[in-house]
Structures are given as C-alpha cells and as structure tokens.
Amino acid sequence: MKFTYVDYGKDILEKLIDDGKSVFVFSDNTLKNFAEDKAEKNFFRRNSLYTTMSSMKEYLLPEERLVIREEKRTLLFYRAIPEDLRKKYNINSYYDIIDLGENFLKFYRELQEYLVKDVKNLQNWQEEYLKDLEIIKKNYLGLLDRYNYIPQDWTNNLNNYSLDFFENYENFIFVDIPFFTPFEKKMIEKLSETYELEFILQITEGDFCEDDLKIKKFTFPEKSDNIKVIEVSDEMHQLINLMDIMKENKIELFSQNLENSIYPLFAPRIFTGHKNILKNTDLYRFMELQYEILSGITEKNFYNENEKSKILYFSSQTILKALENRVFSDYYSFNHEEIKFFMKIIENEYQYITKDLINKGELTRILLDRRKTTKDSEDNISGFIEKLSHIIEDICQIRKVSDAGELLELMGNKEFFNFTKLDEDIYIDSINKYFESLSEVKSLEMLEMHKTWEDYFGENLAEPLYKLLLKYMQLKEIKVSSRNDLVPTKIKSSREENSCLKETGVYIDISGKTLPENNIRDFLLTEIQREENNLLSSDEKRLYEKYRFFQGLFNCKKALVFSMKNEENDLDSSPFIEELMLNYKLKITDPKYDQNDLLSMARTFFKGSSPVKKELTVNSLQKDDSDFHEKTIRLGSYDYSLLTICPYKFYLQKIASIEHQTRKLESKLSPRIIGIIVHEILEEIANIKEDDVKNKNFSLAEVNIDELLRKALYKRRLQIPFHLDNYYREIMFPVFIEGIKGFYKNLEKIIGDQNIISFSGEKSKKEKLIDENLKVILSGRIDLIIESSRDNYILDYKTGQGDPRQLDFYSILYYGEESQAKKYIFNAWDGKLEDFSSRKNTLTYNDMKNQLKEFIANPIYKRTEKHSTCNRCEYQQVCRMRWEDEK
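In terms of this note's numbering, the sequence shown opens at residue 1 and continues consecutively.
No wet-lab data here; the hints were simulated from the structure. Treat the hints loosely; a few may be bogus.
Said to hold, decoys possible - Subject to a maximum C-alpha distance of 30 Å in a straight line, what follows is the list of computed DSS-like cross-link-like pairs (lysine-lysine): (1) LYS768 x LYS741; (2) LYS715 x LYS668; (3) LYS442 x LYS275; (4) LYS131 x LYS87; (5) LYS502 x LYS214; (6) LYS471 x LYS502; (7) LYS275 x LYS214; (8) LYS502 x LYS557; (9) LYS308 x LYS715.
To be verified - Ranges of calculated distance between the beta carbons of each label pair, as one might list FRET restraints: (10) ARG365 x ILE311: 39 to 45 Å; (11) ASP572 x THR504: 24 to 30 Å; (12) MET236 x ASP356: 53 to 59 Å; (13) MET236 x LYS41: 44 to 50 Å.
Quick reminder that beta carbons are idealized off the backbone N, C-alpha and C, glycines included.
Hey, can you work out the whole structure from these sequences and the hints?
This is how it looks when you write it as structure tokens:
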C-alpha cells in the first residue's frame with residue numbers, strides 16, 4: 001500500500017491521472033464529480049472509474065437478492081414485530097415504530113461494520129431489550145428470505161466478494177478518506193491481494209495511522225494568516241454583518257447548523273439550503289401544512305333523536321399556522337385582512353372549527369361582533385368564509401382516501417389540487433419528482449411483501465398514506481435553474497466540500513453548541529459501553545469532526561468565521577475556535593454592525609420590502625375631535641377603569657382600535673370560558689327562580705344544575721379542549737353546583753325576610769353622565785340586580801378576582817350614587833358571597849364626573865403614573881415611553 005500526503009491549501013486532485021487503468025474511490029459524490037469533470041477524457045480508450053466508497057462496496061459485494069430501500073425496509077420491520085412485543089411496547093401502527101425501525105437497522109449495520117458479534121457488559125434492562133430485538137431480527141431475516149430481499153443497510157457480506165466489475169482495472173486509489181471501519185479495513189486487505197492500492201490524504205504526515213487506516217490526531221499547519229474570526233451574539237446579529245460581506249464579496253457560505261438555520265425560511269429568495277430537494281420547495285411546504293391540518297382533526301360521534309352522526313373538529317391553531325405561511329395563504333388567495341379574521345376566531349378562543357360553525361352563520365356572527373356592519377364588511381367576511389370552506393372541503397376530500405391508488409388519483413388531479421400554482425421558476429423538475437413520489441407510494445401495493453394498508457395503519461388510512469407520500473417526497477433531489485437571477489445564495493453544510501479549494505469561505509453558526517456536535521446518541525448503549533464493544537467512540541468522532549472542519553477552513557484562500565458567544569443566553573464559543581485562536585495568536589475582529597443596526601441594514605438589503613411604520617413613541621399624544629364619534633365617549637365599567645388608569649392605553653385600544661392579536665391558543669383551562677359558562681348558568685337560574693324568589697322560595701331542589709352545566713359545556717364545545725372534558729364534569733362542575741346552592745342559601749339569609757320587587761339577571765342600562773361639548777354616556781350590564789321594599793342590591797359573579805369599584809360604577813349607573821345599593825361579589829370557585837357595601841375608598845358620583853371632566857380638559861392622552869401597570873401591558877412595544885424616560 002502506498003500513502004501520499006497533500007498539504008492543506010493544495011489541490012488534492014492535482015496528481016490524479018486518468019490512465020484508463022485506475023479505480024478512483026472518493027469520500028463523497030461532490031469530490032468525485034469535481035474530479036470527473038476535471039479529468040481529461042480520452043474518447044479512443046476506456047477511462048478510469050470514478051466512484052465513492054459506498055458505491056464501490058456495492059460493486060465489490062454484489063447482492064443477488066433485491067435490495068430494498070427507504071420505507072420498504074421499515075414497513076417489513078413492522079411486520080416482523082410479534083403481537084406480544086407490540087403490546088409490550090404499545091405499538092399500534094406503523095408510525096409508532098419508524099424511529100425504532102431506523103435505529104434497529106442502524107444498530108445491526110454498525111455491529112457489522114465494527115465486526116462485533118456479541119454485545120457485552122449490558123445492564124439487565126438492556127439485555128431484555130436486546131433479547132426482544134433479537135426476536136424481531138429473527139423474524140425480519142425470515143421475511144427477507146421469504147421474499148428474497150436484503151435492506152440496503154445490511155449488504156456488508158464478504159461472502160459476496162467479487163472482482164468481476166473491476167476486472168479491466170489494475171489499481172485502486174482512495175482519495176480523501178481518512179477513516180475506515182474494521183469491516184472496510186478487512187475488505188481493503190482482501191483487495192490488496194489482487195490490486196495495487198494507493199491512499200491520497202490531505203493531512204499532516206504522522207496524523208494518519210497507516211496500519212489501522214484511520215486518523216489518530218490532528219496537527220495545525222505551521223502558518224495560517226488567512227483566517228479572521230468575527231464574534232456575534234446571535235443569528236440576527238450574524239445576519240446583518242453577513243449581508244454586508246455578501247454585498248462586497250463573492251463568497252461560499254457554510255453553516256455548522258444548516259438543519260436549523262433560520263435564513264432559508266427568513267429570506268428564501270436570498271438564501272437556500274445546500275440540498276436541492278423537494279422538502280425545500282413551496283410544493284412540499286404547502287402539503288406539509290395540509291397534512292398537519294389533516295392530522296389535527298378530532299372525530300366525535302354525535303347522537304340526535306336516535307341518529308348517530310360523526311362531526312369533524314378541525315384544530316384552529318393548526319389552520320392559523322397554515323394561514324400564516326405565505327405559500328399556503330397564497331394558494332387559497334387569503335389576504336392580510338382575511339387572516340386577521342381568523343385571528344379574531346383565535347381571540348374568541350375557538351379551539352376547533354366545524355362545518356356547522358361555518359355553514360350555520362355562527363362564524364359570521366363572531367366576526368361581525370363589535371364591528372360596524374356595512375355591506376363591505378359583510379362581503380369581506382363572506383369571502384373569507386368561502387375560502388375557509390375551501391380549505392375544509394379539500395381536507396375532507398383527502399380524508400376519504402382509502403388506498404394508494406385513490407391518493408394518486410386525487411392528488412394527481414389538477415382540478416382538485418392545482419400543484420402548478422406551487423411550481424417555482426427556480427426549480428426545473430419539482431412537479432415531475434412529485435409525481436414520481438406518488439407513483440412510488442402506489443408501487444408499494446405491488447410488492448409481494450405488501451398485504452393491506454390496514455395491517456400497517458389501522459382503519460383510517462388517509463392521514464398515514466399522506467404522511468407516507470411526504471416521506472417519499474422530502475429527500476427527492478431536484479434540478480435548479482441556471483438563471484443567475486433566480487438562484488439564491490446557497491448555504492452549504494460545513495461538513496461538506498472540505499477538500500475542495502475555495503477563494504473566500506464564510507463559516508456561520510459556529511458556537512459551543514454546534515461545534516463539536518453533541519456526543520453520539522445511541523438508543524441502547526452508553527458511551528462507555530460503546531468503547532468496551534470497540535464501536536466508534538465520541539473521542540474518535542470529535543477528532544474526525546475537528547479534522548474535517550479545519551480541512552475546509554485551511555482550503556480557503558480567505559476564511560471568515562462567525563463565532564457566536566452570548567453569556568446572557570448561556571452560549572459559549574466553540575472550543576475548536578478557541579484552540580485555533582490560541583494556536584495562531586489570533587484576535588477577535590469586532591463586527592462592523594451591532595444589533596441596533598438591524599432595522600436599517602434589513603431595509604437596505606431587502607430592497608422592495610414594505611416601509612417600516614413609525615413607532616408611537618412621542619411623549620405627548622394629542623387629542624383630536626375626530627377621536628370621538630358624534631362627540632360622544634361611550635364607557636362601560638372596564639372602559640372607565642382603563643381610561644382612569646392609563647388614558648394612552650385607552651386611546652390605543654378603544655379609539656385607535658389597535659388590537660392585541662393572540663397567535664397561540666392555550667390548551668388548558670381558560671378563565672374567560674369558565675367565567676362565561678358560570679355567568680350563563682347563573683343567569684338562567686335567575687330567570688327560572690325569579691317568581692319563586694319573589695314568593696320567598698330560594699330552594700334549588702327542582703333545578704337540575706348539573707344538566708344546565710352540561711348543556712353550557714356543549715354550547716361552548718368548540719372553545720374547550722377535549723382533554724379537559726372530564727375535568728369540567730368530574731371536578732369543576734361539582735364545585736360550582738355546591739357553590740351555587742350555597743349562593744341561594746346566603747341570598748335567603750340576606751333578603752329572605754323582605755318583599756322582593758325585582759329579581760333580574762343580566763340587566764342592561766345606558767345613562768348620560770355629561771352633556772356638554774363632549775358627551776359621556778355610561779353603559780353596563782349587571783349580573784344580578786335585586787330591588788326590595790328595603791334596599792337595592794347589586795351582585796357581580798366572578799370566577800377570579802373581583803374589583804369592588806366596578807360595583808360602584810354600576811350603582812352610579814343604575815341609582816345615581818354608589819351608596820344607593822348594597823354591593824356583593826359571588827365567587828363561584830369558593831362559594832363565598834362577600835359584602836363590599838361598607839368599605840372605604842369607594843368611587844362616588846362626583847369622583848367619576850370630576851375624573852372624566854379632567855380627561856376631557858386634558859389636550860393629550862397621558863400615560864399611566866404607575867410603573868407596575870406597564871409590566872404586563874400588551875401595548876409595551878407600541879408605547880415604550882416609560883422605558884425611554886428611565887434611561
């Protein structure tokens with residue numbers, strides 16, 4: 001065996017000569033393609049063979065059996081799991097074992113590569129787990145023999161060793177392969193019995209062990225003055241400095257964390273991932289979101305007059321996620337205003353969308369609530385509902401699919417799925433690859449191993465088949481247009497093209513969390529056990545990663561490294577970069593721009609983007625006559641409280657109508673929905689008991705409170721997550737039932753000896769408080785108002801903390817002064833009925849009138865005087881004055 005060592009920064013391909021007699025074996029396809037393109041071809045004789053290590057093994061160890069790849073391997077694995085192990089590990093469908101199947105195949109492949117026959121030094125639980133894997137393996141091998149298959153992972157078999165494919169060649173030259181597994185070493189030793197072998201490596205001589213055929217250490221070159229390290233704090237800080245460099249230089253861009261890079265998503269027309277695959281296309285993104293809506297459906301049975309029907313509940317959160325994606329919203333032609341309509345559904349805490357909600361007018365009512373109803377607004381809502389219905393109907397059609405043939409027919413039908421709308425100019429054959437994936441899913445039904453889809457997925461097949469289609473699509477390689485104006489800057493992985501020479505290489509996303517990578521994650525063995533069984537160790541992996549990273553760096557004529565460090569976010573710089581700087585005595589280069597330059601840099605770089613609106617940060621926001629429609633201020637109790645605490649927020653929320661948009665639904669108990677249910681029940685009970693109470697009958701024996709609560713729960717069905725149903729019924733309802741019964745018993749103690757004139761739930765009233773140049777009209781709706789021959793009573797129902805000043809507001813509204821009614825708050829959680837009639841610091845009629853006159857007289861909308869008020873204010877990012885004043 002001959003070993004040739006090439007210095008870093010030199011062309012590793014320079015001495016390759018295509019003599020027609022050699023087999024050149026490369027570390028990867030990229031280097032192989034570079035070498036093949038560079039070689040001088042001779043059209044009058046056979047040329048040398050250019051291949052990769054993995055392809056050479058296929059030629060050298062040919063299989064007579066059919067090699068199965070991708071999903072076929074794991075589908076067969078699922079069939080190999082016996083029923084008792086499925087129950088033991090709670091396996092119900094194929095998608096429960098995908099990760100297990102891949103780990104199973106990878107584990108036994110690694111044992112083959114490292115010539116490990118028996119795994120030793122296991123703990124008891126590991127021995128039991130391995131025993132189960134061996135049972136599955138035995139069944140798997142039996143199925144492979146039955147169908148004459150072999151998975152692509154398990155083709156390492158020296159019994160198949162054959163030189164037939166290479167009979168016309170005289171020598172093998174291995175290029176840029178610094179690590180061989182024990183199996184590969186054994187295979188190469190066998191190959192050396194027949195052929196001359198040469199190894200060309202770009203590594204310092206002495207760093208490679210020629211006996212073991214693997215790297216044993218890494219030595220820095222003596223001198224390197226072409227590397228600059230720029231320290232940044234996060235991805236956005238990195239981005240603004242990277243954009244500046246890209247304007248001035250032609251670069252090759254490499255990321256150490258490409259899988260999680262935000263740049264291709266943040267700016268897809270500027271950056272693209274290194275792999276041109278279907279997963280990175282608009283077509284795949286749309287279908288992935290469509291699948292998420294499909295998989296987010298909950299089906300429930302509904303019984304009505306002895307008839308059983310099924311209702312599909314679509315997850316509102318999943319639909320919102322889809323609508324916020326440009327590709328999805330463009331496909332269904334949603335505009336920004338229509339997406340805001342859906343935000344309103346989320347704000348009303350609708351966890352689910354159903355066809356009935358759309359078709360029976362309820363959705364229209366929700367969207368018109370608190371809006372000025374005009375013909376235009378109704379038309380806009382009608383258009384939105386039509387588009388939302390289109391989404392729902394498409395998903396329902398997909399949900400009817402029962403086999404791969406139906407999926408192919410439906411998703412290949414342009415009348416149903418207009419895939420051409422998702423075709424991008426930058427890609428040449430994405431649609432062809434999409435149809436190729438559809439055909440491959442269909443072809444699974446034709447395999448001898450295939451039984452029925454129900455064997456793998458159960459009864460409902462649409463969702464798993466659609467997911468299977470996406471899995472076939474995601475890694476399909478596609479061709480990119482050669483038009484320079486269409487091709488974004490390609491971000492490559494820093495683990496690739498390390499041996500290729502580069503003019504200017506820029507390395508991003510480098511930190512202690514990304515370089516080196518975390519230790520090997522083994523689904524069965526610990527790191528110590530891996531070493532004890534002579535498998536690849538984390539130290540060996542770390543050494544190999546270090547070598548490859550610095551090989552790429554030293555093959556740049558000029559290299560820029562963005563090193564991330566942020567102590568506040570517990571982000572340290574990479575130890576590899578620290579070692580580099582220490583070895584060459586490099587100093588950190590300060591970035592040209594700091595984070596405060598982000599906005600201006602982004603506007604400069606993303607030409608043609610929308611202008612950024614000016615922030616509302618002025619210290620004095622002036623009032624204007626147009627702020628108040630018909631020169632009237634209309635105030636409920638909440639509005640009045642808001643106006644007195646922070647007039648500026650009152651303007652933003654009530655006059656400017658700057659709404660705080662909720663983008664995430666919490667899948668937990670909602671205080672708002674609980675409050676609504678309690679108020680509705682107590683109002684209904686008050687209506688039922690009105691005449692009884694006037695006749696001094698406060699008993700609730702004839703009122704089925706539990707049934708009322710259950711009806712209220714069903715009425716709010718779409719606003720309550722299904723997993724909370726039992727909590728409502730088994731825990732919350734009994735508490736409320738006892739509390740309501742106690743409430744009426746306490747009422748009897750307070751007013752039982754009086755003549756009741758009026759007993760009214762949810763009573764509304766409007767009253768003009770100020771009638772001057774600017775009028776003030778108060779309005780409110782009290783939960784329960786009782787008038788007797790002796791006193792007036794105002795009662796407020798709460799499921800949280802109550803504000804007694806709200807009762808003062810109602811007393812002034814209904815009776816002209818806060819002292820004209822006795823005031824109580826009933827807390828439904830603890831059942832307490834608390835008297836707030838005699839407290840100090842009440843809100844009087846004169847207080848209210850004077851505060852409102854002061855507000856009217858002030859020419860500006862003042863900000864709150866209390867710092868604590870700002871802490872949880874949803875308008876912090878709009879206002880910001882308090883923080884600016886404190887600097």
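Here is what the structure says about each hint:
For the hint linking LYS768 to LYS741, the alpha-carbon distance of about 38 Å lies beyond 30 Å, and the restraint is violated. Restraint check for LYS715 and LYS668: satisfied, since their Cα atoms lie roughly 18 Å apart, inside the 30 Å limit. Using a Cα cut-off of 30 Å, the hinted pair LYS442 and LYS275 holds, with the two alpha carbons roughly 26 Å apart. At most 30 Å may separate the alpha-carbon atoms for a hinted pair to count; LYS131 and LYS87 meet this at roughly 16 Å.
A C-alpha spacing of about 26 Å is found between LYS502 and LYS214, which places the hinted pair at or below 30 Å, so the restraint holds. A threshold of 30 Å between alpha carbons decides the hint, and for LYS471 with LYS502 the separation of about 34 Å lies outside it, so the pair is violated. Distance restraint check for LYS275 and LYS214: the Cα-Cα separation of roughly 28 Å lies within the 30 Å cut-off, and the hinted pair is therefore satisfied. Annotation: proposed proximity of LYS502 to LYS557 holds, straight-line Cα distance about 6 Å (limit 30 Å).
Proposed proximity of LYS308 and LYS715 is supported: the alpha carbons are some 19 Å apart, at most 30 Å. Take ARG365 and ILE311: their Cβ atoms lie about 20 Å apart, and the range 39 to 45 Å is violated. Restraint check, ASP572 to THR504: a C-beta distance of roughly 27 Å satisfies the suggested window 24 to 30 Å. One distance hint, 53 to 59 Å for the beta-carbon pair MET236 and ASP356, is violated here, with the actual separation near 44 Å.
The supplied range of 44 to 50 Å is met by MET236 and LYS41, whose beta-carbon atoms lie about 48 Å from each other.
The earlier numbered hints that this structure contradicts are 1, 6, 10 and 12.
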